[in-house]
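K.L.:
Following the hints, position chain B against chain A.
Line order of the protein sequences matches chains A and B. Under the working numbering, residues 884 to 1241 are what the first sequence spells out, in order. Under the working numbering, residues 223 to 465 are what the second sequence spells out, in order.
No lab work stands behind these hints: they were computed from the structure. Hints may be right or wrong, so weigh each one.
Examples of chain A residues toward chain B, derived with CB under 10 Å [to be verified]:
| no. | residue |
| --- | --- |
| 1 | 1101 |
| 2 | 1107 |
| 3 | 1108 |
| 4 | 1114 |
Straight-line alpha carbon distances no greater than 30 Å define the calculated BS3-like cross-link-like pairs of lysine-lysine that follow [unchecked claim]:
| no. | chain 1 | residue 1 | chain 2 | residue 2 |
| --- | --- | --- | --- | --- |
| 5 | B | 339 | B | 363 |
| 6 | A | 1063 | A | 1017 |
| 7 | A | 1215 | B | 363 |
| 8 | B | 363 | B | 341 |
| 9 | B | 361 | B | 341 |
| 10 | B | 361 | A | 1215 |
Keep in mind that this is a model prediction, so the values were computed, not measured. Glycine residues also receive a C-beta, built at the ideal position from the N, C-alpha and C atoms.
So the chains spell out like this:
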Amino acid sequence: MGFLIDGFNQLQTWLLILLSPLNITEPVLQFMLVSAILGLSIYLTLYTGMFSLANGGFMAIGAYVSVLLTQQAGWSLSLSILTGMIVAGIIAVPIGLPVLRLRDIYLAIATIGFGEVVRIMALNFDDLVESFIKWMVQKEILFDSLISRAETSDMLDITIRDNGNVRVNFELLGGARGIKGIPVMAETWMLVLFLIIVIYFIIRLHRSRLGRAMAAIRQDEQAASNMGIDVVYVKNVVFVLSAMIAAAAGGLSGHLTRIIDPSNYGFDLVVDILAYAVLGGTQTWAGPVIGAMVLRALPETLRGFSELRGLINGLILLGAIVYLPSGLVDIKGFRGLVAYFRNNRTQRKEMVKDNANT
Amino acid sequence: MKSKPETSHPILEVTNLQTSYGSIRALNGISFRIMHGQVVSLIGANGAGKSTTLNTISGILKADTGQIVFFEEDITGLSAHHITRRHLIQVPEGRQIIANMSVLENLMIGAHIRLDKAKVQTDLEGIFERFPRLQERRKQKAGSLSGGEQQMLAVGRALMMRPRLLMLDEPSMGLAPLLVNEVFALIAEIKSQGIPILLVEQNARKALQIADYVYVLDRGQIVNEGSAQEIQQDTDILSAYLG
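Pulled out of the complex, with its shape left as it was, chain A reads as follows (with noise of 0.2 Å):
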């Protein structure tokens, strides 16, 4: 193992030496990462023909269970980054059974709307527990053991006036400030070495039983169920797994940032993870790849032209999207790009010529 990664080291700063004409640092590729994972979470859900934005909400799961876990319970990364995956995907079962139900932009909506308690969740959770054992200490529930837990631990902190007005102070996930001062434990090989991880069992999927009534689904939900195919189970198959992959990714970039907080992984970052499947196309699992890395990677690259660099970034994607509507990985795409540009150009002669004649 050790030689893999000495080796994939050199590999890497050759590429970074490579790509730092394009501005891209070891912190902006190991962004690129975290994203081309996230794209392929949410690429397996649209390949069913589910329209879920819930990818945030479980990056976001994903993010502070794993940091948790090697903050305070001292675990390893990959146990914690695993645990994360798992408790993502447990509590995806609850939340599709009901709402895997719905279609389109009604299970958008629905999907967003998960994302959005999960953010507010973490916003609130500490304020939630204070008051909780505001409540304990008064009706004196468990007296002893909380003011004895509270002299032992950092997290909780209890004072009681002579007045008997009870103050407790919680913090576990800080809020809106988030969880600060997490060391960086995640390196690019990791980012890598799960990303092709992810690729490979995607290829296997794709030729798998379960893969071909995924596509099914995705074209035909009445033909699939015709065939056989439990169409509910799938679609909860699928955004389970979905659910674990956004979560493996939260856990990685978690522990990247140093700073974990609920406004990272708010609506903007759906729009952002949407954005990378529409931008590199759902033909192949490869589009949200790139489309990732490309979205990821182009705010970067354009910081030349400093002020005019949103105006840029924008009208790139907007082209992007405009002349290559299935998506910046399609062969068929580009050949008819190329086919429209040359029949205008000889349209325009002819014309020239028609003009010149009369």
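P.N.:
Same frame as chain A, now just chain B:
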């Protein structure tokens, strides 16, 4: 699947089936039965309820009342995939080919309900032998096939599911006359393999040639029944319902 001995029990028995689309009743109490090895045909004009009958049996539509018994098991109200998993297979109207998938993948989707992998492979080879056109085009997208080829693919896919009863909904619809003959030759071949068939057809003359027993539907009710010969000789029926 082992071949069962001939019994006196019908393999499919439908009793007093009623189905509605919203407030409009499409089936008004339909009862019929299919015996071993039989080809039974439902004929009737447009809107008589033929497709509704098939869709109710296959679980796409839910019956208001009535009972469907398949191999002595009550399957009324089961969802479509559960009914398919009992090897009661419908080739729906419009074929429902998965257009974006290859011919081979479409056939493999047919094997979704089967766990006997080795036999799936031999069945697949058998299908390709029977339909050389499908073998030639096995890597092509199913949507690029002609109408007749798509119908062959739909039937091939149904055969991959090893049907204990095959329900065909308008298999000749939209096909050129020559292809219609080909489809009916195929139905005769499936019948000769001992697979019972429930056939819904607008092309009643063709259906009468191949069916053992015929039920005539009109406005959601069975108005006549009999062996194919009896129905064929009854000129009133022919002129009233078949044009």
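K.L.:
If you check each hint against the structure, which ones fail?
P.N.:
Of the numbered hints, all hold.
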